[in-house]
Amino acid sequence: MSNESKYWKSLRELHDKDAVGELKAHEFMDGVTDDFKMSELSGMSRKQFLALLTASAAFAAAGCSNYRDRGEIVPYTRKPEEVTPGVPNFYASTCTGCEQSCGILVKTREGRPIKLDGNPDHPINQGKICATGQGSVLNLYDPNRLRGPEYGSSSGKSGTLTWKQADADITRLLDECAKTTKEIALVLHSVHSPTAAKVLSDVSAKYPTTRLYVYDLFNDANRRRAWQLSYGSTEIPSISWEKAKIVLALESDFLGTEGMTIEQVRRFTNGRDIMKSKDFNRLYCIEGAMSLTGANADYRLRLNPSQQLGLLLALINEIGLVRKKGSLKGTIPVQASGASLLQFANQHSLPVEVLNHLADDLSANVGRSIVLAGDVLPVEVHVAVNYLNEMLGNSALYEEKKSVSYSDHSTPSQLESLVARMKSGQVGVVVHVGTNPVFQLPKEFGYEEALKRVAVSISLVESTDETSRFCAYVLPANHALESWGDFNVRTGVYSFQQPVIAPLYDTRQKEAVLLSWIQGKDSFHETLYHEYLMTHWEKTIFPTLNRSVDFKSFWYASLHDGVVAASDHSTEPSRFKSDSLSTAIPVATDGYVIGLTRNFYISDGTFANNGWLQELPHPISKVVWDNYASISTRTAKELGVDNNDRVEISLPHGKQTVPVFIQPGQADGYVSIEMGYGRTNAGPIGSDVGVDVGGLLSKASIAGARVVPGAKIVKASGQYELVTTQEHHSLDDTFVKELHLKREIIREGTLRQYEKDPTFLHHEKKELFNIAHDVEYNGVKWAMSIDLNKCTGCNACVAGCNVENNIPVVGKEQVQRGREMQWIRLDRYYAGTPDNPSLSHQPMLCQHCDNAPCENVCPVVATNHSPDGLNQMVYNRCVGTKYCSNNCPYKVRRFNFFNWRDNLAEGYYEQEPISLMHNPEVTVRSRGVMEKCTFCVQRIADARQHATEQGRPLKGSDVKTACQEACPATAIVFGDMNDPKSDISLYRAHDLGYHVLEDTNARPNVTYLAKLRNIHSENLT
Amino acid sequence: MSTAALDYTRELPVVEGSPTAAEVDATIAAPLDQFPSRMWWIIFSIALSFFSIGVFCIGMTLYKGLGLWGVNQPVSWGFDIVNFVFWVGIGHAGTLISAILFLLRQRWRTGIARFAEAMTIFAVMCAGLFPLLHTGREWLPMYLSPYPNQHGLWVNFTSPLLWDVFAVSTYFTVSLVFWYVGLIPDLATLRDRTTNKIKKVIYSLFSLGWRHSNRHWQHYERAYLILAGFATPLVLSVHTIVSFDFAVSVIPGWHTTIFPPYFVAGAVFSGFAMVQNVLIFVRQAFNLKHIITLDHLEKMNKVMILTGSMVGYAYAMEMFIAWYGGNQFERFVFLNRALGPYAWAYWTMVSCNVIFPQLFWFKKIRRSIPAMFIIGITVNIGMWFERFVIIVTSLSRDFLPSSWGHYTPTFYDVGILLGSFGLFFTLILIFVRVLPVVSISELKAVIEGGQPSKH
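So the protein sequences, as listed, match chains U and Y. FYI, the numbering for the first sequence is 1 to 1021, going by the working numbering. FYI, the numbering for the second sequence is 1 to 455, going by the working numbering.
Hints were generated in silico from the structure; no laboratory data involved. Warning: the hint list may mix true and false statements.
Said to hold, decoys possible - Far from chain Y, by Cβ distances over 10 Å, these chain U residues were calculated:
hint: 1; residue: L212
hint: 2; residue: S238
hint: 3; residue: R743
hint: 4; residue: G818
hint: 5; residue: Y829
hint: 6; residue: M844
hint: 7; residue: P859
hint: 8; residue: P867
hint: 9; residue: G880
hint: 10; residue: N903
hint: 11; residue: G928
hint: 12; residue: R952
hint: 13; residue: L997
Said to hold, decoys possible - In silico EDC-like cross-links for lysine to aspartate or glutamate, where the CA-CA straight-line distance does not exceed 16 Å:
hint: 14; chain 1: Y; residue 1: K64; chain 2: U; residue 2: E906
hint: 15; chain 1: U; residue 1: K245; chain 2: U; residue 2: E110
hint: 16; chain 1: U; residue 1: K955; chain 2: U; residue 2: D983
hint: 17; chain 1: U; residue 1: K245; chain 2: U; residue 2: E82
hint: 18; chain 1: U; residue 1: K812; chain 2: U; residue 2: D688
hint: 19; chain 1: Y; residue 1: K64; chain 2: U; residue 2: D902
Keep in mind it's a predicted model, so treat the numbers as computed, not measured. Even for Gly, the Cβ is constructed at its ideal location relative to N, Cα and C.
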């Protein structure tokens, strides 16, 4: 510091420069540092301190993750070409839920299959699949699936093993069998895949002692045998439904559970499309149990199935001999020649008038009608039906395309001998390829006992079942969505199956497992069956197709499309053998007749652990989570039972106690029970649901004889509560009788009435006064229309909605409390008498009312209206007062009384990997909020995004709701009502269009087209 | 009063006997000075046990969800809203007695007003529980208040539930202030009397420096009058608005214009029944028979016969309009009430609310303590069932027969109902030990010589 410093801090600094300079040389004042001892300080340097601080901060940041953090979200570093996050991919494949083998499109998001819909290119199901198919995606993610090979109980070991060990063990055992000439039994369901059939023949070639046993709990064996008798072939042609003006169904639920239902529903309801033609087909249904077909019939008569042969013969007699219509084939059998229709009608108190109409209609529509018999009916009835069809010239409706099967069902005696050989030790190895005979085979066979005696039993299944419980090896099989395959159920139609996700667990495809056994040690690799399939196609099937492209191009194009249409190898039309009818003998019965029928949704028990399907209400009774004995009011009186009582049913070969349900329209003396329920080892959801009636099946019934006369029934002690989603009201109670008609919820008329006066529905036009200003909807306004003439009540829409919108499963107990969560439901109403009711179905969903009563009562505006006419629900804002639900005239709102996923079966649906199944576009709702149909707003948003992207206005036809997409009858139309050219505008303006509860002035946006019954009179009833 | 039967022109004394001002102080303050009796402890522990059942059930509901209750689709409101309306109804007598009768210069109200007001406050507290609990997400009640937020979210002023929020909270606030203002002179008296230091501090704090000065009295009287004026319309508005929850909806059986007056009459009806019931015990237990006299009870019974008949008229009129109006939905709902699955509830309601109270036409019954007690209880049962009938029967069978259902309460529903009674009686029992059940200052004004004698 220079002395000339201009600046000074104090006088002392200015004057006494030296002293201050001295002081400045010392950093601290005297004495201040006296207590400061270097040795007592910690040795840590400043740098060390900073290093430690940084390290601990880094440690804290790395070690303590936020509990909300469910893992990293990082973009792809190398993006797979076909995956764009947020954009779904669709793959064509085949549904293996039942023998129909429908073509499907699998919607995948980021590699996860989340929804199945029909493949529009598939010639049979044409873009639609059933409720079971819709719901089957849940099976892929079922937490109950096997995750790796396991030892079963009869192996004497427990725990898991590797595939390598299993393969080594099993090939050794198979080789031993081959040496000792012991039988290797493969127990299968019927095979519809040409390549799988090839695998089976390869197995038989390698191990000559192999025998195949094929059974299906539900089958059309009787129909096939009758066809064999009548035409000398088991290839049954498909039917030209469009040409059928008159359809007579005898115990045949062709709209519900029998045959190619999706195709039949589509082609049948096509004949009832009021937008196309007023020339409706007419459906007569004569049945003992109330089926979906019966519910949709124009005339339904109830008749015990044991009497239906008699009716057929009387009809043949009436039309052929009395009216001399049609062409009689050969000599009329004695039984038919004597039977008079009038006499029959009087004997069984059937309305003569209706039977006369039937005879008239059949006579007048020679070559334009079709008669069908149900799978449960005996062979003789099917033969008589074939005869009647031939007589009426209805064989003109038989198409060239025929059913195809790659396996024959084993006869009861073959199965009997299998059981005998298993017991006597002649069977070395039994392999259950995706089958569950302990549960499914009639208990009379004693399969379970026999299985316990077999040294080596193998179960090749997706999850453990009643059979695998007694097996030595339980090997996990791929789910259908993880599998390759090809299916051919009709001549000229091949449908491909391709995996859309890598196997979730250490599972293998069934065919690949068999192949790896015959190809020897360590032959398994991931693409084993894929290559086999390709080779088989390249070598065997492709050459027969005469394509001009090379195989590779053909293969990838076919996989893309999912289907291959081959030219029909047109076989000579089979000639009718007129003498086949002579074997027919009407069955005399005493006691009750038991009918063991097919259930609607859980198949042969395979889908028992699928909560979505268990919770789909039965289309007629609306019972969920149960099967039951359907009886008529009179039978109930005879037995002294009421709903929820139990009865004991005894047949010579077994007995079973079953809860009772009084079903309007059930034939007196006929008791029908659906099979597939009562599984004991199906998983947390499916075990002990309903009653296993396998004990009532006789050995013969596996070959189709599922109507069993001569049963004794007595009231059993105890009660069993059956739960329905719809309260069951007495049909006789005048207080509540036919309220749905009085309240104009269901509006119906007859075709004749409509022909005479198309506007008959709207004679009293009511003007409703509105105090509020109408909101103007410019641009798109969404609306839906449902054609009640086409809706059959099948529930496919409900299942489709469940999957699309992540609808939770609540369980039987909660449904009993009235808390089911489905957003769309099928309301079923009875009119008429309990004996001969007339049924109406009505899909009911949020009506998206313009004056929505729910909206003005929500205190927090959680439910409000969008500018495009949607009634919206904002889950985040909802506090759950439930006022909206109370004020909804349609009661379509659903409340999360619990965290449903956590509530059922100890949080079963919160286990992994269920979360992968959810549609990421739809919020998974939490406890305490209200929810309801959104008109699939996520799809609307998606369509809008695409439209914006393409720089064009959004069109109504861009959006398809999930229910619309699912409806096999295309009864649902959705679109922009402001577009005058759209379909929806036509439907809304249609003379038959009406809104439910118009008087409330809620102005719903769902239009129903009134049902027209195609009966002879102009007035209903 | 036995001799007063004939001379209707003479103003009757409100207090029996001629207690001096000091005696009044002593009598009313007595329960506050003594250690509670054995009987009090027994009753208190019963009340507390009921309350804890309620706390348990509420806790479980918060933990698991509303599914523990019996509510379902279509009956989304059950015991929760039944109890809410019931308790709001009970809360009506207090303000009616203290405010409306005050404005009408009904001096006989003095003996029962304080107690009735306290009951109002406790009943409204019980009532307030249910709207909070009945929401699916009980942790978000702030969504129901119009607070400014960055989302720009606002409440829906067209929703009667929101009106409820305001109506009930306003009613509670005004009732509480009214009650407290009335308490101030008494708290001062207690402050002056007590020798206990802790009590002295508390009483001093809450008496706000009251010195019984003329100025204080002048301001006090003015304030009290204004508050009475405030409270009076609320008596009518609260239950009117509660009735809007139903009347504004479209559901047949709810959508009725008669609801506001019908609900108010019913509320007063049940409120008086409850006050009468509880006072019977209080006057016995605390030797207040000369202050809360048989005349008081009789007057309350007269109010009950009036309001009960109004309620009965409303029932009849509902039925008549359902028939006369020609709306098939409404007609069905009312027939269904009387003949359907809940007919037992309907007829319980009619007999308890319309038939039994008619017995009060007989003076003997009106003045018989056991008889009036039993009838009072039936009235409360009946009024509870009235709300049950309105809410549950209407919802269980509305427009679409396909979605009809049935409502069955669960253990938790019953538990919370019992809990609300537990809470109510716990609060009452505490109240009678810590605050004067009769207004000391007002009572002094109506004893003989309390007012300047005639010139």
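In rising order, the numbers of the hints this structure does not comply with: 3, 4, 5, 6, 7, 9, 10, 11, 13, 15 and 17
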